[in-house]
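Number of protein chains: 2
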Amino acid sequence: MQKVNFLVFDNFETLDLFGVVEIFGRLKETYELTFVSLKGGVVTSSQQTPIVTEPISTLDPSGILVVPGGLGTRKLVLDMQWLAHLKELSVQAAYVLTICTGSALLAKTGLIDGKQATSNKRAFDWVMSTNQAVKWQRKARWVVADKYYTSSGVSAGMDMALGFIADQHGKACAQKIAYDIEYVWNDCPDEDFFVGNKEENDEK
Amino acid sequence: MQKVNFLVFDNFETLDLFGVVEIFGRLKETYELTFVSLKGGVVTSSQQTPIVTEPISTLDPSGILVVPGGLGTRKLVLDMQWLAHLKELSVQAAYVLTICTGSALLAKTGLIDGKQATSNKRAFDWVMSTNQAVKWQRKARWVVADKYYTSSGVSAGMDMALGFIADQHGKACAQKIAYDIEYVWNDCPDEDFFVGNKEENDEK
Chain A
1 MQKVNFLVFD NFETLDLFGV VEIFGRLKET YELTFVSLKG GVVTSSQQTP IVTEPISTLD
61 PSGILVVPGG LGTRKLVLDM QWLAHLKELS VQAAYVLTIC TGSALLAKTG LIDGKQATSN
121 KRAFDWVMST NQAVKWQRKA RWVVADKYYT SSGVSAGMDM ALGFIADQHG KACAQKIAYD
181 IEYVWNDCPD EDFFVGNKEE NDEK
Chain B
1 MQKVNFLVFD NFETLDLFGV VEIFGRLKET YELTFVSLKG GVVTSSQQTP IVTEPISTLD
61 PSGILVVPGG LGTRKLVLDM QWLAHLKELS VQAAYVLTIC TGSALLAKTG LIDGKQATSN
121 KRAFDWVMST NQAVKWQRKA RWVVADKYYT SSGVSAGMDM ALGFIADQHG KACAQKIAYD
181 IEYVWNDCPD EDFFVGNKEE NDEK
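Going down the list, the sequences are from chains A and B. Note that the UniProt record's numbering has the first sequence beginning at 1, numbered continuously upward. Note that the UniProt record's numbering has the second sequence beginning at 1, numbered continuously upward.
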């Protein structure tokens, strides 16, 4: 069993997290899911969802780390203590997957300086401003750079998670999960329907 | 503000619930989200997600009731006490939305006898067996029958929720949400990519 640690915080974006949870959770024999936050206890998403978390002090950080985005990231990019923990967990993790503005948090650790990454198209300018040493890719559904997987906004996390499963277990495995959850997998990481003229910086 | 009550139980399917939560949660000024279970307390999904719920005894049932599916439904279709509560809540609700095998639970209340409904293609034969008085529609992403919205499997709940938002607030509103969460909305209820030869009854 490999650990998948979902690192959450108040005002995380609900579907950023649970789309990815659904996909890893489908491989019950392979992955053990844990929800963690800095101090543990109940953490509430931007969409009023209270979930129970373990404190990161109790965590085995050697598995896969998943970091969602959401409005809560606006405070956390300024929280040096929280970012130090994220950096330590990310260094120790076998893989780090970020969704949406979770990419800004990872960027603030400095660990993806010089690497390609992507994020939410609705908050892209803000994300880029958090660390200009990252090679931000605006047109991408998700990006893989070494052990770091970063995705575009919200639903794109599901496409990335299926891409990760494909990389680890073969594309047929990912396609089977998508089929079972009746999800139309956008399986090309470079195809991005949400970049273009209508783009606005208004993550809510 | 209109109440949206998400009725959960152990071993509910994670994305059945949280795809719909994300979509209602985007309209913060319109909808107030509450998570409820028979007795309240922590309820854990099939994908190991513990969420905090209120007991149904404290509930204002006059709003929208949302019922996910998942393996937990297999016990609940035999639980007359639970079904009696579901029936009472459903009667009082302005609308009832079910996702995936949540449709089997609604079917067991008798409230959709003679009405059209759909459910997960991976468990369709089992769902049909729970109540043959329902006019089950195998090929449908979602179905609307009076105040009852039923959807196909897991991800289809998002398409249905966006369809509900379109019915209530106009299609542009639903399209804006889909755009903001970078979700490719399958907006035709009759178009179903997951029905056909490969179909198996293996909801996990």
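Calculated from the structure, these hints are not laboratory results. A couple of the hints might just be wrong.
One copy or two, either will do: identical chains are not told apart, so a pair holds if it fits within one copy or between any two.
Listed below are the simulated EDC-like cross-link pairs for lysine to aspartate or glutamate, each with C-alpha atoms no more than 20 Å apart in a straight line [said to hold, decoys possible]:
#: 1; residue 1: 171; residue 2: 187
#: 2; residue 1: 147; residue 2: 79
#: 3; residue 1: 135; residue 2: 60
#: 4; residue 1: 87; residue 2: 180
#: 5; residue 1: 28; residue 2: 10
#: 6; residue 1: 171; residue 2: 60
#: 7; residue 1: 139; residue 2: 180
#: 8; residue 1: 39; residue 2: 191
Now the hints, each set against the structure:
no.	hint	result
1	171 x 187	within (10 Å within a copy, 27 Å between copies)
2	147 x 79	neither (24 Å within a copy, 47 Å between copies)
3	135 x 60	neither (30 Å within a copy, 50 Å between copies)
4	87 x 180	neither (35 Å within a copy, 29 Å between copies)
5	28 x 10	between (27 Å within a copy, 16 Å between copies)
6	171 x 60	neither (28 Å within a copy, 46 Å between copies)
7	139 x 180	between (28 Å within a copy, 16 Å between copies)
8	39 x 191	neither (38 Å within a copy, 46 Å between copies)
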